[in-house]
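Chemist: From first to last, the protein sequence lines are chains W and E.
Residue numbering for the first sequence follows the numbering used here, beginning at 1061 and increasing consecutively.
Residue numbering for the second sequence follows the numbering used here, beginning at -3 and increasing consecutively.
These are calculated hints, taken from the structure and not from any lab test.
Virtual Cβ for every residue (Gly too), placed ideally from N, Cα, C.
Check the hints yourself; a few may be wrong.
Said to hold, decoys possible - Heads up, simulated DSSO-like pairs for lysine-lysine below, C-alpha to C-alpha not over 30 Å straight-line: (1) 209/E x 1168/W; (2) 1195/W x 163/E; (3) 1195/W x 1173/W; (4) 1219/W x 209/E; (5) 209/E x 1173/W.
To be verified - Ranges of calculated distance between the beta carbons of each label pair, as one might list FRET restraints: (6) 1078/W x 140/E: 15 to 23 Å; (7) 148/E x 1129/W: 53 to 61 Å; (8) 1190/W x 148/E: 50 to 58 Å.
One letter stands for each residue in the lines below.
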Amino acid sequence: MEQRYVLLENVQKVFDTRSGRFVALRDVNLAVRQGEFVSIIGHSGCGKSTLLNLISGLTESSGGVLVCAGREIAGPGPDRSVVFQNHSLLPWMTCFENVYLAVERVFKSQEAKADLQRRTHEALELVGLVHAAHKYPHEISGGMKQRVGIARALSMQPKVLLLDEPLGALDALTRAHLQDEILRIVAATGCTTIMVTHDVDEAVLLSDRIVMMTNGPAATIGQILDIDLPRPRQRLELLQDPRYLCLRGEVLRFLYERQDRAA
Amino acid sequence: MAVVKLKAKVEMSKHVDAHAAPAVEAGAAAAVQKNLPLLPRYAPQLLAALRYVVPPALGLVLFVLLWAQISTLSGLPGPVKTWDSAQQVFGNPFYQNGPNDQGIGWNVLHSLARVAIGFGLAALIGIPFGFMIGRFTFLNRMSAPIISLLRPVSPLAWLPIGLYVFKEAQPAAIWVIFISSIWPMIINTAVGVTRVPQDYLNVARVLRLNEWKVFSKILFPAVLPYMLTGVRLSIGVAWLVIVAAEMLTGGVGLGFWVWDEWNNLNVEHIIIAIFVVGIVGLLLEQALVLVAKRFEYQG
Ligand SMILES: Nc1ncnc2c1ncn2[C@@H]1O[C@H](COP(=O)(O)OP(=O)(O)OP(=O)(O)O)[C@@H](O)[C@H]1O
Ligand SMILES: [Mg+2]
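In isolation and in its complexed conformation, chain E is listed as follows (with noise of 0.2 Å):
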C-alpha cells in the first residue's frame, strides 16, 4: 500500500511543487512526501534495500554497545580496545617469529589446510558409503547401529585415540575432523538415495539401465542436492572442532594461538580470534550455499 501510495506521490512531483503539498494529506504520507525531492524514482526499492539493511546493521550496533558496556563492568577489553589491538595483528598478518609466534594469516592457513585435509578425507569416504548404504538395503542395516553409537560421540573424546595411533599431534587433529565430519555427509547422501523418487527408478527399470548409467544420470543428479546439504552440515562441524582440538595438540593454527594468548594473557587477541572463526566459518557456509544454489535442479 504505502509503496503504491509513494508512487502516485512520485508522478504528482512532477506537476506540483512537493513542498507545497496540500494540507489534506494526513501524518505518515506527508512525511513521505516531505522527502520526496531526495528520493529518486526507484525510492520503492530504496526502502525495500533499507529494510534489509537497517535491522543487521542496528543489531550490529547494539551489540557493540552492549560489549562496550559489558567490557566496562568485567574489564573485558572493549570494542575500542580491541579494535585498536585488530590494526596491528592484521598489519602484519603473515610474520614469523619461530614455530610458536606467528601471524593471524598462517594460524588461519594452517587451520584451513587441516580442515581440509580432515573434511576431504571424509568426503572421500563418506559421501561414497553414503551412496552404497542408500542403495542397498543390507548395507544399511548393518551399519545402522554403528553409525547411530559412533555419531553422537563428543569429537574431543576421538583425540587420544588419534594420539595413541599416529603418536603425533598434526595427523590425530586431522583425525578428529575426519571422524566428526563424516556423519552428516553419510546420512544425508543415504537419505537422499532413499528419497529418490520411484518414477525416476522406474525410467531406470524400464530402460533396463546398467548400474553405472543409474548411478551418474539418476542417483547422483538426484542426491547432489542433499548431498551438499551434508557437506554444509560437515565443514560446519569441522571448522567448530578445529578450534579445540588445536587448543589440546598445539601446532600452528587459530586454536592453539588462543591458547597461547590466554597463556600470555593477551584478551583481546582472544576476542579477535573468535571473530576471525566466526567470519571464516561464515564464509566457509556461504561459499558452499552458493555451490549448492548452481547444483539445484527444479522438478
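Next comes chain W alone, as it looks inside the complex (with noise of 0.2 Å):
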C-alpha cells in the first residue's frame, strides 16, 4: 500500500474573474493512502469542487505540485474517473450505451467486442442496474441515475474514484440506500475515493478520514479528522455508538463553531 497515491503539495487556485483574481484556494497539502476512503466537507462555496476538479484535471492549478500514482497530474484522465454531481449520462445513449462508452474507451484496445460487453454488465450489476440497461437515462429516477454515472466509474477501473456530492440532489432514503450500496462497492472494489459532500453523517459512515475545509476566500485544510471506527460498519448500530456520535460531534464542531457562516 502507497502512503502517498495522491499528494498535493502546497496547492493553489486563482481564477481571474471579471472583478480580479479570486484565491479560491491556498496551501493545501494533502497525502492519500492506496485504497483510502477520503471525504472533504466544508460551507458551500468553500471551494471543494475547485479541489476535486483539480485532482481530476479538469482545472488546471495555479501552483503546488498534484501526483497521482506517481505521476504529475496534467489534464483529466480514465484512470482518475468522476462521479458528478448531476450524473452527466448522456441523455442519447442507454444505460448501458453510456458505461460501454467508458468501458470501449479503456478497454477496447486489450479486449474483444464480448469482454467489453461483459465489464459494462458487470458495471451494471455492481449497482443493481441490470434490468434498466436498455432505459434512456430520462427513464429512469434521479436515485437510479446516479448508480449508473457511479458504474461508470467503476467500469473504468481508475485508480482513483472521484465523487462531487454524488448523492447531494437525492432523497434521504434514496441517499441512505446508495450510501450502504457505495460502503459494499468500495469494500469489494479497494478503490482509493475521495469524495466531496456536505452530509456529516455521509462523512463519518463511509470514511477513512474527513477533510474539513475553511471558509473561502482562499480556503484550506482546517482540521483532518481519523475515523477509526471499525469496518464493516452498520448504519444503524453506529447510532448507539459512543465513538461514532463523538466523531460526528467534531465535525459538527468544525463547521458551526470554528467555521460558522452563512452560506
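Can you join these two chains into the complex? Each is in its own frame, and there are hints to help.
Modeler: The structure is reproduced here in C-alpha cells:
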C-alpha cells in the first residue's frame, strides 16, 4: 500500500474573474493512501469542487504539486474517474451505452467486444441496475441515474474514484440506500476514493478520514479527522456507538463553531 | 368544469330520459343536456377536437368572404372564378407545350429541384462549417465579421453576381438559394455547439475521447436539435427566395409561371400560384418539424 498515492503539496488555485483575481484555494497539503476513502467537507462555496476538479485534472492548478500514482497530474484521464453531482449521463444513450462508452475507451485496445459487453454488464450489476440497462436516462429515477454514473466511473477500473456530492440531489431514503451501496462497492473493489459531501453523517459513515475545509476565499484544509471506526460498518449499529457520536460531534463543531457562516 | 358536469349528465341519462330534464338545471347545462342523446360517450373528446377545428375553419371562411368582397371592389378574380380556373390548372398538371408553356406540376417540380440543389449544397457546406466555428473559437472570431456583414444582404442582390460568374440563369438561381439559405444553418449549428452542456464535455475530457468520438457521441447528438432548427429556417428562406429568383431568371418554375401569367394578364393563375407556393412551403416546414421531433431527446 502506497502511503502517498494521491499527493497535494502547497496547491493553490486562483481564478481570473471580471472583478480581478480570486484566490479560491491556498496551501492545500494532503496525502491519500492507496485504498483509502477520504471525504472533503465544508461550507458551500469554500472550494470543494474546485479541489476535486484539480485532482481530476479538469481544472489546472495555479501553483503547487499534484501527483497521482507517482505521476504528476496534467489534465483529466480515465485513471481518475469522476462521478459528477448531476450524473452527466448522455441523454441520447441508454444506460448500457453510457457505461459502454467508458468501458470501450479504456479496454478496447486489449479486449474483444464480448468482453467489453461483459464488463459493462458487470458494472451495472454492481449497482443493481441490470434490469434498467436498456432504458434512457430520462426514463429512470434520480437515484438510478446516480448509480449509472457510479457504474460508469467504476467500469473504467480507475486508480482513483472522485465523487462530487454524488448523492446531494437525492432524498434521504435513497441517499441512505446508496450510501450503503457505496460502502459495499468500495469494500469490494478497494478503490482509492475521494468524495465531496456536505452531509456529516455520510462523511463519518463512509470515510477513513474527513478533510474539513475552512471558508473561502483563500480556503484551505482546516483540520483532518481520522475515523477509526471498524469496518464493515452498519448504519444502525453506529447510531448507538459513542465513538460515532463523538466523531460526528467533532465535525459539527468544526463546521458550526469554528467555521460558522451563513453560506 | 363543464366537462365534468357533462360526464355526470351522461351517467344520468342512462337512468333518466334526457328529454324530461329536471327544470332545476340552469341555462347552459340544460342546453348541453338537450343534445345528449346525439352525443356518444366520448363527447368530451369530441368537444375538445371541435375546439381545435372550429376556429381555423372559421378563419378560412372569413378569409374567403373578405377575398370575395375585395374582388368585387377591385376587379380581382374572386374565389369562385379562381376555383374554376384551378380545376383546369390541376386537371392537367403535367402537360408540355414547349419550354415556356408547361403544367403547374412541372413548374412546382422544377422549383423544388432548384431549392433542393441550392439548399443541399448550403447544408453540405454550412453545417460542417457551423460545427467548426462552434468548436474552434479562433475560427469563430475570424468568420464573425464576414458572417454579420453578408447575412443581412438581400438574397436578390446576389443574383447579378451569380449571373456574371455562371453566365447562365439556372446555376445563378441555385446560387441565390445557396447563399441565402446557408446562414441559418451555419449560425444555428454554431450556437448549438457552444450550448453543449459543459458536463457532457467534461465526460469526454475525463474519458479522453478522441476528436471523432467527441463529435459522433457527444457534439453531434447534442447539436442535432439546433441544427434541425437551422435547416428548417433555411428551407423556409430558400422557398421564399426561389419565386423571386425565378421571376428574374426565367426557365420552368413557379416564379417564372407567375411572371408569365402576369404578362398574359391571367390573374387567376397568379392567385393559384400564391396558394401553391404557400401550401408547398407549409408542407416542407411540416415535414421538417416531423423529422426534428424524431430526433429530439429528453435531457
Ligand atoms: N470558473 C470559476 N471562475 C471564477 N470563480 C470560480 C470558478 N469556479 C469556482 N469559483 C469560485 O471558487 C469558489 C469555490 O467554488 P466551488 O465550486 O469549488 O465551491 P464548493 O465548495 O464546491 O461549493 P458547493 O458546496 O456549493 O458546491 C467559489 O467562491 C466560486 O465562486
Ligand atoms: Mg461543489
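Chemist: Holds or violated: the 50 to 58 Å window for the beta-carbon distance between residue 1190/W and residue 148/E?
Modeler: holds, 56 Å
Chemist: If you draw a straight line from the CA of residue 1195/W to the CA of residue 163/E, is it 30 Å or shorter?
Modeler: Given that 30 Å is the threshold and the Cα spacing comes to 57 Å, the pair is violated.
Chemist: Taking only the CA atoms, is the gap from residue 1219/W to residue 209/E under or equal to 30 Å?
Modeler: At roughly 23 Å apart (the allowed maximum being 30 Å), residue 209/E and residue 1219/W satisfy the hint.
Chemist: Range hint 53 to 61 Å: satisfied by the CB atoms of residue 148/E and residue 1129/W?
Modeler: holds, 56 Å
Chemist: Between residue 209/E and residue 1168/W, does the CA-CA distance stay at or below 30 Å?
Modeler: The given pair, whose Cα atoms are some 13 Å apart, holds under the 30 Å limit.
Chemist: Is 15 to 23 Å right for how far apart the beta carbons of residue 1078/W and residue 140/E are?
Modeler: holds, 21 Å
Chemist: For the pair we were handed, residue 209/E and residue 1173/W, check the Cα-Cα distance against 30 Å.
Modeler: holds, 17 Å
Chemist: Quick one, are residue 1195/W and residue 1173/W close enough, alpha carbons at most 30 Å?
Modeler: holds, 21 Å
When held up to the earlier numbered hints, the structure conflicts with hint 2 and nothing else.
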